[in-house]
Amino acid sequence: MIDRRLVTNYDWTLLGIVVAICLLGIMNIYSASAPYKLVGAPYYLKQINWMAAGLLITLLICSVDYHLLEDVAYWFYGFLVLLLLAVLLVGKRTLGATRWLDLGFFTIQPSELMKIGIILAFARFFNNYQVVGGLAIKDMLYPSLLLGVPILLIMKQPDLGTAVLVILIALSMALFVGLRWSTVFSFVLVTVPVAWIGWTSILKQYQKNRLLDFINPERSRLGSGYHIIQSKIAVGSGGFWGKGYVKGTQAQLRFLPEQHTDFAFSVYAEEWGFLGSLVLIALYLSLIIWGLTIARRCNDRLGALLAVGVAAMLFWHTVINIGMVIGLFPVVGVPLPFFSYGGTSMITSMVGVGILQNISMRKFMF
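Per my numbering, the sequence shown runs over residues 648 to 1013.
These are computed hints drawn from the structure, not numbers from a lab. Keep in mind that the hints are not guaranteed to be accurate.
Label-pair distances were calculated between CB atoms; the ranges are [what the hints assert, rightly or not]: (1) Asp-947 x Thr-896: 48 to 54 Å; (2) Arg-943 x Leu-703: 25 to 31 Å; (3) Arg-944 x Pro-904: 40 to 46 Å; (4) Lys-803 x Arg-901: 30 to 36 Å; (5) Gly-891 x Lys-1010: 31 to 37 Å; (6) Pro-682 x Ile-784: 20 to 26 Å.
Ideal Cβ placement from N, Cα and C applies to all residues, glycine included.
With the hints as extra help, turn the sequences into a complete structure.
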């Protein structure tokens, strides 16, 4: 029998914010894909289906006590590692990268799901491993191993953006638990040789070009710097009020690359201007603050860790994507949660929302 308190404590505020962002995203995808000559269902209809599937998954996650997630955390993590290995062996290659598994009826991107996997794995570890005075270097050896395995597999695809996000989510959870200053200093020192090894041995040439274009986009106006230049033109030309729905010239004339996915915000900013962008950013800020509020109100350590992990995932996704399209960060191929087109991204974000909803509904039980 379902506890009636779960129904009465359903977090309608959280659901309302998520649905609002999704609906704005669907409207934006319709506009961004209007100039395309598509075969099959339009992107916005597919996004509606993914949104509906995501909301259903959210409800399913709510029906199970989130403490059971601790029992399956390592199993789920291990399963995703196997999927990442499968991607390297039999994955679908697109635009020079192998990131997808074709399952017949649909394709999935395991690296996206690994964001949830690392949240569950770190939450389980830190819930059962508590120290006084902050985590020392020796305390971070096992979490570093948990993080390092999927990062190497994701970089092998290659997928720099997702790898960076998984690292940032893990670091955010570790900072929430507490790190000693000696540990922080050691990590900072390690990043220098790791960055050098990554630049010389791991990063592909197109990834290096993106980092160099971040410093100077004009070095290749019609090449690797084209993306960010056109994106900044779109955002800037929107002005305060915007050009109007389906009236953005950068999108409708298809000057913007990947305008329904990674650069969806550029389309939105051109059409709705600074004011519309402010509304969307306010919705994301509300969502992230609400996630942290759920963590603060939670009465047990596991729930707080999970909520912080999901909030960190949504925060870094939003900051990196918007920063990327306006030139504050390098172009790394990170979608905007609930807003950019993409099934795996939508499902991953909805799973995170389901975890937040689950924790919020059960705060009275502990």
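Looking back at the numbered hints, which does the structure fail to meet, lowest number first? Hints 5, 6 are the ones this structure does not satisfy, whereas the remaining hints hold.
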